[in-house]
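*Asks:* Chains A and L are the protein sequences, given in the same order.
Heads up: the first sequence begins at 18 in my numbering, then just goes up one per residue.
Heads up: the second sequence begins at 96 in my numbering, then just goes up one per residue.
Hints in this document: simulated from the structure, not taken from any laboratory.
For glycine and all other residues, C-beta sits at the position ideal for the given N, C-alpha and C.
Any given hint could turn out to be false.
Distance condition first, Cα-Cα at most 25 Å in a straight line; then the derived DSS-like pairs of lysine-lysine [unchecked claim]:
{"id": "1", "chain 1": "L", "residue 1": "LYS137", "chain 2": "A", "residue 2": "LYS58"}
{"id": "2", "chain 1": "A", "residue 1": "LYS58", "chain 2": "L", "residue 2": "LYS193"}
{"id": "3", "chain 1": "A", "residue 1": "LYS31", "chain 2": "L", "residue 2": "LYS137"}
Chain A regions said to be covered by chain L (calculated; three or more residues, Cβ under 8 Å) [stated by the list, open to error]:
{"id": "4", "segment": "61-72"}
{"id": "5", "segment": "124-131"}
Partial selection, computed: residues in chain A whose CB lies under 8 Å from chain L [said to hold, decoys possible]:
{"id": "6", "residue": "SER32"}
{"id": "7", "residue": "THR49"}
{"id": "8", "residue": "PHE51"}
{"id": "9", "residue": "ILE110"}
{"id": "10", "residue": "ARG114"}
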Amino acid sequence: GAVVSQHPSRVICKSGTSVKIECRSLDFQATTMFWYRQFPKQSLMLMATSNEGSKATYEQGVEKDKFLINHASLTLSTLTVTSAHPEDSSFYICSARQGETSGNTIYFGEGSWLTVV
Amino acid sequence: QKEVEQDPGPLSVPEGAIVSLNCTYSNSAFQYFMWYRQYSRKGPELLMYTYSSGNKEDGRFTAQVDKSSKYISLFIRDSQPSDSATYLCSAGGTSYGKLTFGQGTILTVHP
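Looking at chain A on its own, in the form it has when it is part of the complex (with noise of 0.2 Å):
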């Protein structure tokens, strides 16, 4: 079945440094794919809807600036936290739909665990 990768899986990164993660769809094409973030047992929290070839979409109250999203490729899409604090701590998890239309099924990634000391 399609399958959604993220890398890394956990980073611990130092105050004021910036951290990548990678979402790559293995066997699909996914022109959207989407960022959320959730914090310990809460909820999954829609960051932004990446397009590929486009710039991204963000939801009221995500800082554009902080959290860069690229979306290179139809199977690669990328979030880089930009000068991280300790409050950005977070999990980090993306989804790519196979397919444009309702009734084709949204694969999430496993996850990025982001700690910053």
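Following the hints, put chain L in place on chain A, whose structure we already have.
*Replies:* The following block gives chain L in isolation, referenced to the frame of chain A:
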């Protein structure tokens, strides 16, 4: 008010019990509804997908959507300890793939 409301539980049931998980939503534009299962520190796994109102059954799982009352349900029959996880309801509208999630219900099935 959150667009998708879900009782976080926790819910604890004995093995073999029928589990009922429920959500309500407020956005009339939502057209499709998905239930995901999430094990600790892992990504969500799709369980059920329903478009518009109606029922859908897959093995021990049954999903129900009542758009008139904006109510979403997931039933698990013959629950197993391996079903212990967090269950997330979600809904989406015209922008397919853009999901709004409920808070998640923590379920424990004890032997």
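*Asks:* For a quick check of understanding: which of the numbered hints are violated here, in increasing order?
*Replies:* 6
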